[in-house]
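Peer 1: Each chain, letter by letter, is given below.
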Amino acid sequence: MSLFFQAVMVGVIVWVGFLDKAFLHTFIYRPVCVGTLVGLVMGDLRTGLQVGVSIELMFLAVVFVGLAIPPDETLSAGIAAAFGCLAHSAEIGIATALPIAIVGQMFRQTRNSTIYEFTQRKVEQAAAKADTKGIILWTSIIPSIVEGVLFGVPAFVAVYFGAGYIQSFIDFVPEVIISGLAVGGGFIGSVGVALLLTTIKTKDAWPYFLVGFFFASYLGINMIGIAIVAVVVVAIVYYADKEKLKKAGGE
Amino acid sequence: MSESKKITRSDLWKSYFYSLGIESGCSTTKQEAPGFAQGLIPIIEKIYPNKEERAEAYSRHMELFLTEGRVAYYCVGVAAAMEERNAMEKDVDPESINAIKVALMGPLAALGDSIIHGTIRPIMAGLACSMIATSNYTSPVGTFIFLGVMTTVVMVSRYFGIFKGYDTGLMLVSSMQAGGILDRLTKYAAIAAFIVCGGFISSLVWSYTPIEYVSGDTVIALQDVLDGLMPQLVPLLYTLLMYYLINKKKINPVLLIVATMVLCCVLVYFNILA
Numbered sequence: 003m004s005l006f007f008q009a010v011m012v013g014v015i016v017w018v019g020f021l022d023k024a025f026l027h028t029f030i031y032r033p034v035c036v037g038t039l040v041g042l043v044m045g046d047l048r049t050g051l052q053v054g055v056s057i058e059l060m061f062l063a064v065v066f067v068g069l070a071i072p073p074d075e076t077l078s079a080g081i082a083a084a085f086g087c088l089a090h091s092a093e094i095g096i097a098t099a100l101p102i103a104i105v106g107q108m109f110r111q112t113r114n115s116t117i118y119e120f121t122q123r124k125v126e127q128a129a130a131k132a133d134t135k136g137i138i139l140w141t142s143i144i145p146s147i148v149e150g151v152l153f154g155v156p157a158f159v160a161v162y163f164g165a166g167y168i169q170s171f172i173d174f175v176p177e178v179i180i181s182g183l184a185v186g187g188g189f190i191g192s193v194g195v196a197l198l199l200t201t202i203k204t205k206d207a208w209p210y211f212l213v214g215f216f217f218a219s220y221l222g223i224n225m226i227g228i229a230i231v232a233v234v235v236v237a238i239v240y241y242a243d244k245e246k247l248k249k250a251g252g253e
Numbered sequence: 005m006s007e008s009k010k011i012t013r014s015d016l017w018k019s020y021f022y023s024l025g026i027e028s029g030c031s032t033t034k035q036e037a038p039g040f041a042q043g044l045i046p047i048i049e050k051i052y053p054n055k056e057e058r059a060e061a062y063s064r065h066m067e068l069f070l071t072e073g074r075v076a077y078y079c080v081g082v083a084a085a086m087e088e089r090n091a092m093e094k095d096v097d098p099e100s101i102n103a104i105k106v107a108l109m110g111p112l113a114a115l116g117d118s119i120i121h122g123t124i125r126p127i128m129a130g131l132a133c134s135m136i137a138t139s140n141y142t143s144p145v146g147t148f149i150f151l152g153v154m155t156t157v158v159m160v161s162r163y164f165g166i167f168k169g170y171d172t173g174l175m176l177v178s179s180m181q182a183g184g185i186l187d188r189l190t191k192y193a194a195i196a197a198f199i200v201c202g203g204f205i206s207s208l209v210w211s212y213t214p215i216e217y218v219s220g221d222t223v224i225a226l227q228d229v230l231d232g233l234m235p236q237l238v239p240l241l242y243t244l245l246m247y248y249l250i251n252k253k254k255i256n257p258v259l260l261i262v263a264t265m266v267l268c269c270v271l272v273y274f275n276i277l278a
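Chains A and B, in that order, are what the protein sequence lines are. Counting in our numbering, the first sequence runs from 3 upward without gaps. Counting in our numbering, the second sequence runs from 5 upward without gaps.
Don't take every hint at face value.
What the hints assert, rightly or not - Label pairs and their calculated CB-CB ranges:
#1 B:V160 - A:I104: 29 to 37 Å
#2 B:N140 - A:I238: 32 to 40 Å
#3 B:S100 - A:F120: 28 to 36 Å
#4 B:A263 - A:F163: 30 to 38 Å
#5 A:K246 - B:Y212: 30 to 38 Å
#6 B:V160 - A:S4: 21 to 29 Å
What the hints assert, rightly or not - Under the rule of at most 35 Å between Cα atoms (straight-line distance), these lysine-lysine pairs were calculated in the DSBU-like manner:
#7 A:K246 - A:K205
#8 B:K191 - A:K246
#9 A:K131 - B:K191
#10 B:K94 - B:K191
#11 A:K124 - B:K50
Simulated from the structure, these hints should not be mistaken for lab results. Source: prediction; values computed, not measured. Yeah, the Cβ is synthetic: ideal placement off N, Cα and C, and Gly gets one too.
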């Protein structure tokens, strides 16, 4: 496949990801999905998966809370996975992921406080006239095009025009950085898991952390097995609570 | 009497699809308001015969609205029920419709953020990542399982939100709060999340040190010593350190990611890690 076609496809994948964020929310916008799709399009599934998984782990527990906009994982995964595939090096992808995520964050912030302020005013005008076509036009159709222009097109440009610079970038980066980033990829999961731990509301359930750790690290149970352990424990606690409530109600 | 109900199930299904755009065109000042107004189009068009009333209703829903996009469907259902009552019986103060939406925003956001984005999504994503890593980055099956499960979760929670919201209205939230169901749900989510987080350490974090102690013919590898002490000791300690820094010292996670990468480059340079 020609580079032009591949770059167009990466742009389309990123655009689809942003549409998913706004509409269906099937989570196709997550790095693990974007990385897989970009890997397939670029003809290097392995690198695509590696970059997708690494970025997914960085953003594992980043929760969009209230007004704050986190670094953007979708644009980052799309472009970084494509760079990784072009260089056949997951480390190159991982190295470029964070800067792109910050650029994506800035784009989104600007978009919400300029373009979408304007479209929202248009929706208000349509609402005041009970004009349903106007509401749909300015809520769904125009913003969909904006997402494509703001994120799909830059992804295409970055991949198509950036491809030529990747080899010189690899030559420029010393070997120790490349292997350091590979080792760092193994540690990134720590930040993701730690973030996930901070979002847990009921802190006094912490002993269950050791249950999970024991089953996985000592007994070598895989993640599906751990999910089963979690279901069993939650069920036991649920029935115990039910019994307790019944007794409390009886008295 | 038969006049008091005008919204049918198919109207609610239409509203289901119109509400998919709840996070589209989300501006800084009004957030999800445009999406909310769009979601109510099938309802408002049906119940208000004259244009002035419709315009008033749409404008009413252009006030600031912000909650997690999937559980927002519950608000759409409640708003539909209240708009219907307003149109048919005229015994609802229209201002109260917005007041109730505002009252629901906070608790619903907490529920949706912690259960969907804080528990199910990271658990399924971590599961997908560990499946991909176990296949040595050759099989994308994990990705498709992740997509399949998450699509089901969001579609079904939207369905329950809009239909339950319309049927039971505010009774559901108040009965959930009275019965302590919300607190218990949070507790169960916490238990599941802790177990899975503990399990993630071995599949999502890995480290290897090439340091060896050589004395005559005996070679003692530090990695073997560490593994004998406790498997995954270094990943566990590093995760707990990250938790401490994020939770107690309030350090930005992005900074920690950068610091981790830099630290690893330095340690690789000195042959402490490989």
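Peer 1: Each hint: holds or not?
Peer 2: Hint check:
1. B:V160 - A:I104: 29 to 37 Å: 35 Å, holds
2. B:N140 - A:I238: 32 to 40 Å: 36 Å, holds
3. B:S100 - A:F120: 28 to 36 Å: This hint holds: roughly 31 Å between Cβ atoms.
4. B:A263 - A:F163: 30 to 38 Å: At 31 Å between Cβs, range holds.
5. A:K246 - B:Y212: 30 to 38 Å: 47 Å, violated
6. B:V160 - A:S4: 21 to 29 Å: With Cβ atoms ~42 Å apart, the hint is violated.
7. A:K246 - A:K205: Between K246 of chain A and K205 of chain A the Cα gap is close to 21 Å, so the pair holds against 35 Å.
8. B:K191 - A:K246: Status holds; Cα separation ~15 Å.
9. A:K131 - B:K191: Since the Cα atoms of K131 of chain A and K191 of chain B sit roughly 47 Å apart, the hinted pair is violated (cutoff 35 Å).
10. B:K94 - B:K191: Status violated; Cα separation ~41 Å.
11. A:K124 - B:K50: The given pair, whose Cα atoms are some 23 Å apart, holds under the 35 Å limit.
Of the numbered hints given earlier, the model fails hints 5, 6, 9, 10; all others are met.
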